[in-house]
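Spelled out from the first residue to the last, the chains are:
There are 2 protein chains.
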Amino acid sequence: MSTTDDKQTRKNAKHKASMEKQKSNVDARIEEASIERGVAILLTGNGKGKSSSAFGMVMRALGYGQKVGVVQFIKGQQLSGEEIYVREQCPQVTFYQMGTGFTWDTQDRSGDIEAAVRTWAVARPMLEDPSFDLVVLDELTYMLAYKYLPEDEVIAALANRPPEQSVVVTGRGGGAALQEIMDTVSEVKDVKHAFNAGIKARQGVDF
Amino acid sequence: MSTTDDKQTRKNAKHKASMEKQKSNVDARIEEASIERGVAILLTGNGKGKSSSAFGMVMRALGYGQKVGVVQFIKGQQLSGEEIYVREQCPQVTFYQMGTGFTWDTQDRSGDIEAAVRTWAVARPMLEDPSFDLVVLDELTYMLAYKYLPEDEVIAALANRPPEQSVVVTGRGGGAALQEIMDTVSEVKDVKHAFNAGIKARQGVDF
Chain V
1 MSTTDDKQTR KNAKHKASME KQKSNVDARI EEASIERGVA ILLTGNGKGK
51 SSSAFGMVMR ALGYGQKVGV VQFIKGQQLS GEEIYVREQC PQVTFYQMGT
101 GFTWDTQDRS GDIEAAVRTW AVARPMLEDP SFDLVVLDEL TYMLAYKYLP
151 EDEVIAALAN RPPEQSVVVT GRGGGAALQE IMDTVSEVKD VKHAFNAGIK
201 ARQGVDF
Chain W
1 MSTTDDKQTR KNAKHKASME KQKSNVDARI EEASIERGVA ILLTGNGKGK
51 SSSAFGMVMR ALGYGQKVGV VQFIKGQQLS GEEIYVREQC PQVTFYQMGT
101 GFTWDTQDRS GDIEAAVRTW AVARPMLEDP SFDLVVLDEL TYMLAYKYLP
151 EDEVIAALAN RPPEQSVVVT GRGGGAALQE IMDTVSEVKD VKHAFNAGIK
201 ARQGVDF
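Residue numbers (our numbering), protein chains in the order written: chain V, 1 to 207; chain W, 1 to 207.
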């Protein structure tokens, strides 16, 4: 056997030992996870990928033929690819969008509050309906940050949803009370963004 | 006017002034972003949401009728909702999956390397084909971390792709050279995860 072959053989053996150990760790952790119920996921932070991640989970749920509801807070003046796709290709998804644009576009606090309350009136019944397997509340956190919706009521509705239902909430911030009741919290951090290098937002990836 | 009305009026006026300022900042930044080309996005970090975010961008691109290619490295032993959905509902997406399972399942370094090379042979031509608007390379970073693929070749293929093509790479780590050539880098940090509270991975959100 050549020296090179010998080196590869040793590398392969070392790799196998390391992977056996990793597998036993992974298996032990899977064994420990025994609770079966819907999960509440918060995707927060200042980086790109929060809403797209929620829509990826919509795709995942649709793959299993699950019933999905999507309510988008804030967004709406500019059409998005995910909105077009869901509206045109996924008639089985219950979709609602606040559609008033960003707060800095409307510049109208009382109008924003009315729109938030109207949108919450669509979202809340979904959180009470066990026929929904997955409910996405896109950019809900801003409604809490701006105090457009009563935090207690939102938190209670999320916490008291049907046990088999999963929920995904997206948006920066959200507050400690929200983080507390969510099962999984991912913070998407902006390491760098194309926009800051002068590159325009791109159809198909940014909107 | 009552004191309460007065307070609301002041709050609304303050909100309007703050939003006007925010709008002028946002508008100025949009004005500055003048480069139109495809973007390279890296979704990294130890938190939940990286692959689902990539699939959300697939949905976004499909909304605009764009041509999409998806190559999944590593994953494959367990069926996923996104795989079922794309295979069954999106015949227009070119989809390929390495399908050998996680490295800790195979425990076979030379077999893993062969699978990685075979999978890269599918991905690479996509990065040379201007007809693809979006290419997703799910979990590619592990191929670099384990040195299953030559880093120089992968970096060069990403950097030299057609200018109008966007690419999304997911996975923990990836290295400094990869981060350097990507336009947008989001680090998804695990703040907390349901799994660590004993909750089983959930169909429709976790896989």
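Misleading hints may appear alongside valid ones.
Capping the alpha-carbon separation at 25 angstroms, the derived lysine-lysine pairs in DSS-like fashion look like this [as the list claims (entries may be wrong)]:
hint, chain 1, residue 1, chain 2, residue 2
1, W, Lys192, V, Lys200
2, V, Lys67, W, Lys200
3, W, Lys21, V, Lys147
Label-pair restraints from in silico Cβ distances [to be verified]:
hint, chain 1, residue 1, chain 2, residue 2, range
4, V, Ala159, W, Val26, 29 to 37 angstroms
5, V, Arg37, W, Asp27, 24 to 32 angstroms
6, W, Gln8, V, Ala159, 25 to 33 angstroms
7, W, Ser131, V, Gln89, 16 to 24 angstroms
8, W, Ala28, V, Tyr146, 18 to 26 angstroms
9, W, Tyr96, V, Ala197, 43 to 51 angstroms
10, V, Asn196, W, Arg118, 16 to 24 angstroms
11, W, Ala28, V, Glu88, 29 to 37 angstroms
12, V, Gly111, W, Pro91, 41 to 49 angstroms
13, V, Thr4, W, Arg118, 17 to 25 angstroms
No lab work stands behind these hints: they were computed from the structure.
Since the model is a prediction, treat every value here as computed from it, not as a measurement.
C-beta: ideal position from N, C-alpha, C; glycine also.
We went through each hint and held it up to the structure:
| no. | hint | result |
| --- | --- | --- |
| 1 | Lys192(W) <-> Lys200(V) | 33 angstroms, violated |
| 2 | Lys67(V) <-> Lys200(W) | 20 angstroms, holds |
| 3 | Lys21(W) <-> Lys147(V) | 20 angstroms, holds |
| 4 | Ala159(V) <-> Val26(W): 29 to 37 angstroms | 34 angstroms, holds |
| 5 | Arg37(V) <-> Asp27(W): 24 to 32 angstroms | 45 angstroms, violated |
| 6 | Gln8(W) <-> Ala159(V): 25 to 33 angstroms | 30 angstroms, holds |
| 7 | Ser131(W) <-> Gln89(V): 16 to 24 angstroms | 21 angstroms, holds |
| 8 | Ala28(W) <-> Tyr146(V): 18 to 26 angstroms | 23 angstroms, holds |
| 9 | Tyr96(W) <-> Ala197(V): 43 to 51 angstroms | 31 angstroms, violated |
| 10 | Asn196(V) <-> Arg118(W): 16 to 24 angstroms | 37 angstroms, violated |
| 11 | Ala28(W) <-> Glu88(V): 29 to 37 angstroms | 34 angstroms, holds |
| 12 | Gly111(V) <-> Pro91(W): 41 to 49 angstroms | 44 angstroms, holds |
| 13 | Thr4(V) <-> Arg118(W): 17 to 25 angstroms | 22 angstroms, holds |
When the structure is compared with the earlier hints, violations turn up for hints 1, 5, 9, 10 and for no others.
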